[in-house]
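Trainee: Sequence:
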Amino acid sequence: MKKILLTITLLILVIGCTEKVYTFDDLRDIGFEGGDGSSAVDSNRFVGTYEYVISEGNAMELTRRYPVLLNVIANRFEDTKSANEYKEFLKSNPQTLSGYHKCFINNLYIGLKKDPNYSNYQKVCDFIAIDIK
1 MKKILLTITL LILVIGCTEK VYTFDDLRDI GFEGGDGSSA VDSNRFVGTY EYVISEGNAM
61 ELTRRYPVLL NVIANRFEDT KSANEYKEFL KSNPQTLSGY HKCFINNLYI GLKKDPNYSN
121 YQKVCDFIAI DIK
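Okay, so the sequence shown: first residue is 1 according to this note's numbering, each after it adds one.
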């Protein structure tokens with residue numbers, strides 16, 4: 001009985017503690033365009049665009065909706081640990097990709113090219129994180 005209980009507990013821990021490993025197809029599914037991945041060298045890098053729709057107004061009435069087309073780059077890592085190591089590298093070398101807002105979602109790094117007409121990049125990152133799950 002103890003072995004069965006231990007096996008069930010381990011199974012629940014393994015299933016519950018694993019993080020989703022995302023691919024570029026997951027990004028394409030939520031509206032990213034580009035990054036055909038035809039080159040073997042660039043199989044871990046995505047360069048393209050993402051159209052984010054800004055909505056203004058309140059919950060009862062949207063007063064305005066307008067799209068913002070953002071240029072993006074994304075790197076896919078094998079696991080979250082590798083992505084976190086890259087995040088630490090970027091913190092220690094802030095000049096690297098300085099023209100991009102940096103988003104990390106599990107094993108993905110997404111860089112949003114900064115545009116002088118838009119400033120709320122963290123909101124876009126939060127939206128992508130919710131939409132991709």
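It is worth saying that the hints were derived from the structure and are not from the lab.
Any given hint could be a false lead.
Derived DSS-like pairs (lysine-lysine); straight-line CA-CA distance at most 25 Å [said to hold, decoys possible]:
#1 Lys123 with Lys87
#2 Lys91 with Lys114
#3 Lys2 with Lys133
#4 Lys113 with Lys123
#5 Lys81 with Lys91
#6 Lys91 with Lys102
#7 Lys91 with Lys113
#8 Lys20 with Lys133
#9 Lys102 with Lys133
#10 Lys20 with Lys2
#11 Lys133 with Lys87
#12 Lys87 with Lys113
#13 Lys123 with Lys91
#14 Lys114 with Lys102
#15 Lys2 with Lys91
#16 Lys133 with Lys123
#17 Lys102 with Lys113
#18 Lys20 with Lys3
#19 Lys20 with Lys87
#20 Lys81 with Lys20
#21 Lys102 with Lys81
#22 Lys123 with Lys102
#23 Lys113 with Lys133
#24 Lys133 with Lys81
Trainee: Please write out, lowest number first, the hints stated earlier that are contradicted by the structure.
Mentor: 3, 10, 15, 18
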